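There are 2 protein chains.
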Amino acid sequence: MTVSPCDTIDGAVRKISVPTKSGQYTVSIGSGILDSLAKRMPALAAKDRKLIFLLTSPEIWSLWGQRFRASLAPRQPIVLFLPAGERYKRLSQVERLATEMAKAGADRSSLLIAFGGGVVGDVGGFLSAIYMRGIDYIQVPTTLLAQVDSSVGGKTGANLQTGKNLVGCFYPPQEVVADIELLSTLPQRELRAGVYESIKAGLIRDAALFRFIETHREQIDRRDPASLEKMVAASIRIKAEVVGLDERESGVRMILNFGHTIGHAIEAASGYRALLHGEAIAWGMIAATAISRKRNLLTAEAVRRIEAMIRYFGPPAFPPISGKRLLQAASGDKKNRAGVRRFVLLQGLGNAVVTDDVTDAEILAAIECIRPLSGSGK
Amino acid sequence: MTVSPCDTIDGAVRKISVPTKSGQYTVSIGSGILDSLAKRMPALAAKDRKLIFLLTSPEIWSLWGQRFRASLAPRQPIVLFLPAGERYKRLSQVERLATEMAKAGADRSSLLIAFGGGVVGDVGGFLSAIYMRGIDYIQVPTTLLAQVDSSVGGKTGANLQTGKNLVGCFYPPQEVVADIELLSTLPQRELRAGVYESIKAGLIRDAALFRFIETHREQIDRRDPASLEKMVAASIRIKAEVVGLDERESGVRMILNFGHTIGHAIEAASGYRALLHGEAIAWGMIAATAISRKRNLLTAEAVRRIEAMIRYFGPPAFPPISGKRLLQAASGDKKNRAGVRRFVLLQGLGNAVVTDDVTDAEILAAIECIRPLSGSGK
Numbered sequence: 001m002t003v004s005p006c007d008t009i010d011g012a013v014r015k016i017s018v019p020t021k022s023g024q025y026t027v028s029i030g031s032g033i034l035d036s037l038a039k040r041m042p043a044l045a046a047k048d049r050k051l052i053f054l055l056t057s058p059e060i061w062s063l064w065g066q067r068f069r070a071s072l073a074p075r076q077p078i079v080l081f082l083p084a085g086e087r088y089k090r091l092s093q094v095e096r097l098a099t100e101m102a103k104a105g106a107d108r109s110s111l112l113i114a115f116g117g118g119v120v121g122d123v124g125g126f127l128s129a130i131y132m133r134g135i136d137y138i139q140v141p142t143t144l145l146a147q148v149d150s151s152v153g154g155k156t157g158a159n160l161q162t163g164k165n166l167v168g169c170f171y172p173p174q175e176v177v178a179d180i181e182l183l184s185t186l187p188q189r190e191l192r193a194g195v196y197e198s199i200k201a202g203l204i205r206d207a208a209l210f211r212f213i214e215t216h217r218e219q220i221d222r223r224d225p226a227s228l229e230k231m232v233a234a235s236i237r238i239k240a241e242v243v244g245l246d247e248r249e250s251g252v253r254m255i256l257n258f259g260h261t262i263g264h265a266i267e268a269a270s271g272y273r274a275l276l277h278g279e280a281i282a283w284g285m286i287a288a289t290a291i292s293r294k295r296n297l298l299t300a301e302a303v304r305r306i307e308a309m310i311r312y313f314g315p316p317a318f319p320p321i322s323g324k325r326l327l328q329a330a331s332g333d334k335k336n337r338a339g340v341r342r343f344v345l346l347q348g349l350g351n352a353v354v355t356d357d358v359t360d361a362e363i364l365a366a367i368e369c370i371r372p373l374s375g376s377g378k
Numbered sequence: 001m002t003v004s005p006c007d008t009i010d011g012a013v014r015k016i017s018v019p020t021k022s023g024q025y026t027v028s029i030g031s032g033i034l035d036s037l038a039k040r041m042p043a044l045a046a047k048d049r050k051l052i053f054l055l056t057s058p059e060i061w062s063l064w065g066q067r068f069r070a071s072l073a074p075r076q077p078i079v080l081f082l083p084a085g086e087r088y089k090r091l092s093q094v095e096r097l098a099t100e101m102a103k104a105g106a107d108r109s110s111l112l113i114a115f116g117g118g119v120v121g122d123v124g125g126f127l128s129a130i131y132m133r134g135i136d137y138i139q140v141p142t143t144l145l146a147q148v149d150s151s152v153g154g155k156t157g158a159n160l161q162t163g164k165n166l167v168g169c170f171y172p173p174q175e176v177v178a179d180i181e182l183l184s185t186l187p188q189r190e191l192r193a194g195v196y197e198s199i200k201a202g203l204i205r206d207a208a209l210f211r212f213i214e215t216h217r218e219q220i221d222r223r224d225p226a227s228l229e230k231m232v233a234a235s236i237r238i239k240a241e242v243v244g245l246d247e248r249e250s251g252v253r254m255i256l257n258f259g260h261t262i263g264h265a266i267e268a269a270s271g272y273r274a275l276l277h278g279e280a281i282a283w284g285m286i287a288a289t290a291i292s293r294k295r296n297l298l299t300a301e302a303v304r305r306i307e308a309m310i311r312y313f314g315p316p317a318f319p320p321i322s323g324k325r326l327l328q329a330a331s332g333d334k335k336n337r338a339g340v341r342r343f344v345l346l347q348g349l350g351n352a353v354v355t356d357d358v359t360d361a362e363i364l365a366a367i368e369c370i371r372p373l374s375g376s377g378k
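Note that the protein sequences, when read in sequence, are chains A and B.
Heads up: the first sequence runs through residues 1 to 378, numbered per the working numbering.
Heads up: the second sequence runs through residues 1 to 378, numbered per the working numbering.
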């Protein structure tokens, strides 16, 4: 968890550069940087920029709208709303928002700021990717999950009735601004759902980040800003490195899906109602850890530490889904290709490996093994 | 209209290579090549390719489906239908088609063939661009307009209620197969609507193509295959050159919009009902030619030849729209940026120039000047 060559510290703001096929963008991380947006967003001032659109949820806007507006002044964004919740992450909403933009006079020079959690970020990014075949956009994530995961990497999209994120684009933002202070109003369950993705980042590529969360778990859980900021920055750096190596998920980016094969299956099989995304991933990581252990890729001590850390943040009980239904759901995973199920395992703490030979029997055994242990740890 | 270095002739098939940011693709042009699709489509046989989807219209499929199936055998595509007509070029149809694909088991290794006119090609390309954030696709255009224009260049998209092609992606196909024989069942009006785009290609960049159409207009109008094939190949070569220089329309690609500022305005102001796209572009080209003449960029003789050629193919009368409404519609054009209206003029036959200082008064004068002359030339 050292500062990488691509990190710069500007006063109290950490900056991480994310390489893309067509250039790069900067993620700024700090506490209270919502008050200096103009400085954090050079893209706002691009030549020819006429209209600024802002996509947010009513909840976020009522909490932070006034400070956001003041920070952007004298520029006045045109505010568009997306109701909170996964069920609004649909093409019909994208169409409604695009129509509102067209009516307000949006053209190719317009810029959109997505100010909200994962749904606002994913829909805002997708809307930007397809409006007039692509306009600039900026991510200002307001949840921990969106800060450490979905706002970085350029994945945008919407759900179909048949599955999550089945339509979308790889479309990188111009900038990402992650303000730790925004996390102060997050419900505790949502904070923890984000911590699981940070734990994942440590597990797949940064043992020092894992140790940091292990030794600062109390501070993180009570939102000590300095601890959160370090965890967020280290998590984003992992993500930036990985997507920089493989923007379109043809190779190494797959490791970001550690815990996701079974996690997505849990979400799909329970109709996306029982658990938050991060919570499903928590269980998926425990299952993938069990499989890694069975293959002798992890020591018993490593497994104990991983499970203890995940359980510290108390995911709700494993939902009552049969192993058979979970396997069915896993076979529809988007990461599969030509019928081959790719699976991420751990070969030691901080080191992920991708394999395509994990059998149904191994998955079933792992699920049966963790199910009785399930239930909130705190 | 010489063979460019990137053209190759393979038996009776012309091949034109289109460079893209991420590689290149080949356009094959010939008569009857529908019967050798497997040979024309190496992408069909890519490693890991499991499912092949085919998007077409019921009309096209009833005319050509049997030959298409036979040519693809032993592979069996899963056939998806999009009804004919611009009103089906909507996100709701894209969503329906994506859902059908998901239910049929489409994954990232799947390939889609768009077999139809411009609407099928644009929607099929867009569907491919966003399905699981991008799958491979092949264009098999069945109208002259789609062959010479929309199937090449990677522009995909759908309409909003507020305007055409307001959502979409730049997403190049893997291959394009243009079979001249498919044009034999095209209604005459649609054939001519495509000829206008070929005339445009000549006017903006290839005086020899313009002369070829001028001297072969009778053969083209009665669908002499050899003449059509030469015209199609030369038109595609122009398009390939231009989009190769500027895939995302930030510069020179703008010249492809010759006739389109006023053409689009005619379409929008008449609710897309009075004229076919190509016919509106025909009138737009006549207007842009008049403005070029007023600016002394074209000789009177050049103007006479351009008008005579367009009128030979007999566009329907200029619709009864006031100049004011046309100007309003033109101000909403997608090619505008930050309030500046970019306009393509001709500086001599075969040479387009882009300008942003064409005034409303010049546009009004051009429209008033051509309106009384309007009406079918044939």
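I should point out that these hints are in silico values taken from the structure, not numbers from a laboratory.
These figures come from a predicted structure and were not determined experimentally.
Some hints here could point you the wrong way.
Note that the list lumps identical chains together, so a pair holds whenever it fits in one copy or between two copies.
[Unchecked claim] With a cut-off of at most 25 Å between alpha-carbon atoms, the simulated DSS-like pairs for lysine-lysine come out as follows:
(1) 103 with 324
(2) 164 with 50
(3) 103 with 164
(4) 50 with 294
(5) 164 with 15
Hint by hint, here is what the structure shows:
Proximity of residue 103 to residue 324 under the C-alpha cut-off of 25 Å is restricted to the inter-copy arrangement: shortest distance 19 Å between copies versus 49 Å within a copy. In this assembly of identical chains, the alpha carbons of residue 164 and residue 50 lie at most 25 Å apart only when taken from different copies (22 Å versus 34 Å within one copy). Taking the shortest Cα distances, residue 103 and residue 164 sit within 25 Å of each other only across copies (13 Å), while inside one copy they are farther apart (29 Å). Taking the shortest alpha-carbon separations for residue 50 and residue 294, neither the intra-copy value of 58 Å nor the inter-copy value of 32 Å comes in at or below 25 Å.
Taking the closest pair of Cα atoms, residue 164 and residue 15 never come within 25 Å of each other, the shortest separation being 31 Å inside a single copy and 40 Å across copies.
Figure legend: structure checked against the earlier numbered hints; hints not met, in rising order: 4 and 5.
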